[in-house]
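From first to last, the protein sequence lines stand for chains A and B.
Numbering that gives the first Met the number 0 numbers the first residue of the first sequence as 0 and each following residue consecutively.
Numbering that gives the first Met the number 0 numbers the first residue of the second sequence as 0 and each following residue consecutively.
Think of the hints as simulated: they come from the structure by calculation, not from any bench.
Note that the structure is predicted; figures quoted are calculated from it, not measured.
One or more of the hints may lead you astray.
[To be verified] Pairs of lysine-lysine, DSS-like flavour, derived with a Cα cap of 30 angstroms:
(1) 111(A) to 119(B)
(2) 62(A) to 258(B)
(3) 360(B) to 403(B)
(4) 119(A) to 119(B)
(5) 324(A) to 384(A)
(6) 62(A) to 32(B)
(7) 87(A) to 118(A)
(8) 62(B) to 87(A)
(9) 28(A) to 62(B)
(10) 318(A) to 90(B)
(11) 28(A) to 90(A)
(12) 31(B) to 62(A)
(13) 109(B) to 87(A)
(14) 390(B) to 324(B)
Number of protein chains: 2
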Amino acid sequence: MSETIVQKFGGTSLGSVERIDAVAEIIKKASKKNKIAVVVSAMSGETNRLIDLANSFGNNPDKREFDALVSTGETISSALLSMALHSKGIKARSFSASQIAIRTTSSYSKAKILDVDAKKILDVLENDTIPIITGFQGITEGGDITTLGRGGSDTTAVAIAAQINANRCDIYTDVDGIFTTDPDIVSNAKKLDSITMEEMLELAGQGAKVVQTRAVEFANKYHVPVRVLSSFNDGSGTLISLKDESMENALVSGIASQKDQVKFTLHSVGDIPGTAFKILGPISEAEVEVDVIVQNVSIDGKTDFTFTVSNEDQEIVKKILSNIKDEINYKELIINPDIAKVSLVGAGMRSQSGVASKAFKALSENDVNIQIICTSEIKITMVIKEEEVEKAINVLHEEFELDK
Amino acid sequence: MSETIVQKFGGTSLGSVERIDAVAEIIKKASKKNKIAVVVSAMSGETNRLIDLANSFGNNPDKREFDALVSTGETISSALLSMALHSKGIKARSFSASQIAIRTTSSYSKAKILDVDAKKILDVLENDTIPIITGFQGITEGGDITTLGRGGSDTTAVAIAAQINANRCDIYTDVDGIFTTDPDIVSNAKKLDSITMEEMLELAGQGAKVVQTRAVEFANKYHVPVRVLSSFNDGSGTLISLKDESMENALVSGIASQKDQVKFTLHSVGDIPGTAFKILGPISEAEVEVDVIVQNVSIDGKTDFTFTVSNEDQEIVKKILSNIKDEINYKELIINPDIAKVSLVGAGMRSQSGVASKAFKALSENDVNIQIICTSEIKITMVIKEEEVEKAINVLHEEFELDK
Numbered sequence: 000m001s002e003t004i005v006q007k008f009g010g011t012s013l014g015s016v017e018r019i020d021a022v023a024e025i026i027k028k029a030s031k032k033n034k035i036a037v038v039v040s041a042m043s044g045e046t047n048r049l050i051d052l053a054n055s056f057g058n059n060p061d062k063r064e065f066d067a068l069v070s071t072g073e074t075i076s077s078a079l080l081s082m083a084l085h086s087k088g089i090k091a092r093s094f095s096a097s098q099i100a101i102r103t104t105s106s107y108s109k110a111k112i113l114d115v116d117a118k119k120i121l122d123v124l125e126n127d128t129i130p131i132i133t134g135f136q137g138i139t140e141g142g143d144i145t146t147l148g149r150g151g152s153d154t155t156a157v158a159i160a161a162q163i164n165a166n167r168c169d170i171y172t173d174v175d176g177i178f179t180t181d182p183d184i185v186s187n188a189k190k191l192d193s194i195t196m197e198e199m200l201e202l203a204g205q206g207a208k209v210v211q212t213r214a215v216e217f218a219n220k221y222h223v224p225v226r227v228l229s230s231f232n233d234g235s236g237t238l239i240s241l242k243d244e245s246m247e248n249a250l251v252s253g254i255a256s257q258k259d260q261v262k263f264t265l266h267s268v269g270d271i272p273g274t275a276f277k278i279l280g281p282i283s284e285a286e287v288e289v290d291v292i293v294q295n296v297s298i299d300g301k302t303d304f305t306f307t308v309s310n311e312d313q314e315i316v317k318k319i320l321s322n323i324k325d326e327i328n329y330k331e332l333i334i335n336p337d338i339a340k341v342s343l344v345g346a347g348m349r350s351q352s353g354v355a356s357k358a359f360k361a362l363s364e365n366d367v368n369i370q371i372i373c374t375s376e377i378k379i380t381m382v383i384k385e386e387e388v389e390k391a392i393n394v395l396h397e398e399f400e401l402d403k
Numbered sequence: 000m001s002e003t004i005v006q007k008f009g010g011t012s013l014g015s016v017e018r019i020d021a022v023a024e025i026i027k028k029a030s031k032k033n034k035i036a037v038v039v040s041a042m043s044g045e046t047n048r049l050i051d052l053a054n055s056f057g058n059n060p061d062k063r064e065f066d067a068l069v070s071t072g073e074t075i076s077s078a079l080l081s082m083a084l085h086s087k088g089i090k091a092r093s094f095s096a097s098q099i100a101i102r103t104t105s106s107y108s109k110a111k112i113l114d115v116d117a118k119k120i121l122d123v124l125e126n127d128t129i130p131i132i133t134g135f136q137g138i139t140e141g142g143d144i145t146t147l148g149r150g151g152s153d154t155t156a157v158a159i160a161a162q163i164n165a166n167r168c169d170i171y172t173d174v175d176g177i178f179t180t181d182p183d184i185v186s187n188a189k190k191l192d193s194i195t196m197e198e199m200l201e202l203a204g205q206g207a208k209v210v211q212t213r214a215v216e217f218a219n220k221y222h223v224p225v226r227v228l229s230s231f232n233d234g235s236g237t238l239i240s241l242k243d244e245s246m247e248n249a250l251v252s253g254i255a256s257q258k259d260q261v262k263f264t265l266h267s268v269g270d271i272p273g274t275a276f277k278i279l280g281p282i283s284e285a286e287v288e289v290d291v292i293v294q295n296v297s298i299d300g301k302t303d304f305t306f307t308v309s310n311e312d313q314e315i316v317k318k319i320l321s322n323i324k325d326e327i328n329y330k331e332l333i334i335n336p337d338i339a340k341v342s343l344v345g346a347g348m349r350s351q352s353g354v355a356s357k358a359f360k361a362l363s364e365n366d367v368n369i370q371i372i373c374t375s376e377i378k379i380t381m382v383i384k385e386e387e388v389e390k391a392i393n394v395l396h397e398e399f400e401l402d403k
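This is chain A alone, in the form it adopts within the complex:
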């Protein structure tokens, strides 16, 4: 029986007229067996061209105008891909976020999807036509254009897959799938055939940039299986499965890392209820994503509160923390931008102990100092010096025999 599949193509997959033509072939082939809905990013280079234009008028362009500007990138690629399909005799129609009412919050450049007009998409599919939908963008209640932030097209694709009850969301990229770690850092990194949603969620959050974090969260929440594969090479990619389908989970499935982080430590704050909220509340209101959060046991009612954010949010967080200094009454603010995160992820950690100590031992034997440790059920995150990231990953990849 025919399935309904959402296919998403990123910027490099659509980077030229020839690439758009190649993508049209992939869609044509898939549409012979299944009903296909497509989500597209802007052609690679286009978004940067638009951002450069915007920056000609100052470093801080109005966010509403900025979003209206950059959203044109996806409108262009959706119309062109639709034309490419027509030239192959396939029925297709482009749709902007406004045309299928991808409603979002009004946080320009960081908007979150609230709703999608599934009926419109289903009507098009019913008509044996392939809808080519602009990713990355949405509209507010008032009809203003928003964007979801970089990588947001993945989220659009999964959200649409969820709303139209698609059987799967195929995310086409320029890599062959998910690897045990970054092949640029570890030469014998291996492609995984499948990975659990939880593992992927942890990996994505930690800088495995193949699929956007929020997209995986959406997939997890709405039970949409996601497959990551290449639009450049044939291959089955990596299936991000809903359940632990393998009998036995790997102890460690992969290693992720993330640079461009900054660590904030509020030294000597009162360890009283509400402190964490008082610190993180205004930061979250400013739509800054806080990553690792660590608070150690208190001594004499005082503790150190540490968290990391993306480098680009450093200034705004500094400002917020200075605004709430009197309320929080911290002694000192320590900012360290020279850090990176390395994470081990594996669903098998749940039932096996000793992974953490094995990792710490291997790193210490190789003179990598661990500044912060933070563990969850299936993940161990370590904050280390930025310059030691490559060494740490290679050590861990070998220690846990991920090349085998």
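With chain A fixed as given, assemble chain B onto it according to the hints.
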């Protein structure tokens, strides 16, 4: 008292970051005294870039997709101009055709404006904010994007001026105003300070490409005074006035010409009621604009029916005429693409005779043969050989002393 003025800026006026900045200065200056609403074209070069992309997928891209594609050009320039104004401390907001509901017919690439949400624009103006509106585009009842055809931004500007009861519509271009004839053909052509709407209508229709014909028609119909001026040089431009404000109209105000025309003659058709409609009905349905139409007196109940259309419509008109051959029963179809039109325009012709014969005499003395003559109250149109256009214009410009 403060007036409300719609300012329209074309592609060359917005052709670079520097030009956009210069336009923002013009708007800033004007906004000190008056309420300003702005309509923009795409940055010059952008529309052609998009058309080239579209043509990569065949010569005849789907018109719905084509319109969605090229409409991004104006979205980009409206957002950028808005940012440029912000950088000068001026409040501005960009609006797409969809956002202010510029409703059009669904003839893609040749859509006609039906309605505009004036209230939305007035609300923005009320808020001391300058709306920067995308020209050239609209939306259908069903929410699909349309475009008005090249030059359509002028029409958008005049339509908006009409709907919000603006005091004037200023159309900024790369020329200083309307001239007695093309300064490239006649070196001492003179800029006119004012011209009547009727004269402009005749001139625009005959290839004086400074303002789009439909825009002048709109201006005429809704009584919107239009001023044409340069965004590159200071100057008062040419005012296209609603009434004959000068005491005495010039005999001949200007000379227009148009190449790229093709002449169709249906030889020996029956001179019976309905013939003209049977010929022109299906051509008009195909959205082809017919220009000069001439039918001479009949001899023995048979006549010759001649009309001209733009070269680009030649194939479609041929096809239509071949479809209706049996119904019309013409003897022969004569197609001549080697023609051009030259027109003398002047409100003074109404009360003065002898203009036509003076023109014919001057041309014949210079060996220019006139194939077709067609006159209206304020215009004399002559169809001549394409290669003789420059000569004819110079002869007429001198004959009617337009350089004085």
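How the hints compare with the structure:
With a C-alpha separation of about 26 angstroms, the suggested pairing of residue 111(A) with residue 119(B) holds against the 30 angstroms cut-off. At roughly 46 angstroms between alpha-carbon atoms, residue 62(A) and residue 258(B) are farther apart than 30 angstroms, so this suggested pair is violated. At most 30 angstroms may separate the alpha-carbon atoms for a hinted pair to count; residue 360(B) and residue 403(B) meet this at roughly 21 angstroms. Of the supplied pair hints, the one linking residue 119(A) and residue 119(B) holds, its CA atoms being roughly 27 angstroms apart against a limit of 30 angstroms.
Annotation: proposed proximity of residue 324(A) to residue 384(A) holds, straight-line Cα distance about 28 angstroms (limit 30 angstroms). Straight-line distance between C-alpha atoms of residue 62(A) and residue 32(B) comes to about 28 angstroms, which keeps the hinted pair within the 30 angstroms bound. In summary, the hint linking residue 87(A) to residue 118(A) is supported, as the alpha carbons are separated by about 27 angstroms, within the 30 angstroms threshold. About 16 angstroms separates the Cα atoms of residue 62(B) and residue 87(A), which keeps this hinted pair within 30 angstroms; it holds.
For the suggested pair residue 28(A) and residue 62(B), the alpha carbons sit about 25 angstroms apart, so the restraint of at most 30 angstroms is met. A threshold of 30 angstroms between alpha carbons decides the hint, and for residue 318(A) with residue 90(B) the separation of about 26 angstroms falls inside it, so the pair holds. A hinted pair counts as satisfied when its Cα atoms are at most 30 angstroms apart, and residue 28(A) with residue 90(A) qualifies at roughly 13 angstroms. The hinted pair formed by residue 31(B) and residue 62(A) meets the criterion: a straight-line CA distance of about 25 angstroms does not exceed 30 angstroms.
With a CA separation close to 26 angstroms, the supplied pair residue 109(B) and residue 87(A) stays within the 30 angstroms bound. For the hint pairing residue 390(B) with residue 324(B), the CA-to-CA distance comes to about 38 angstroms; that exceeds 30 angstroms, so the pair is violated.
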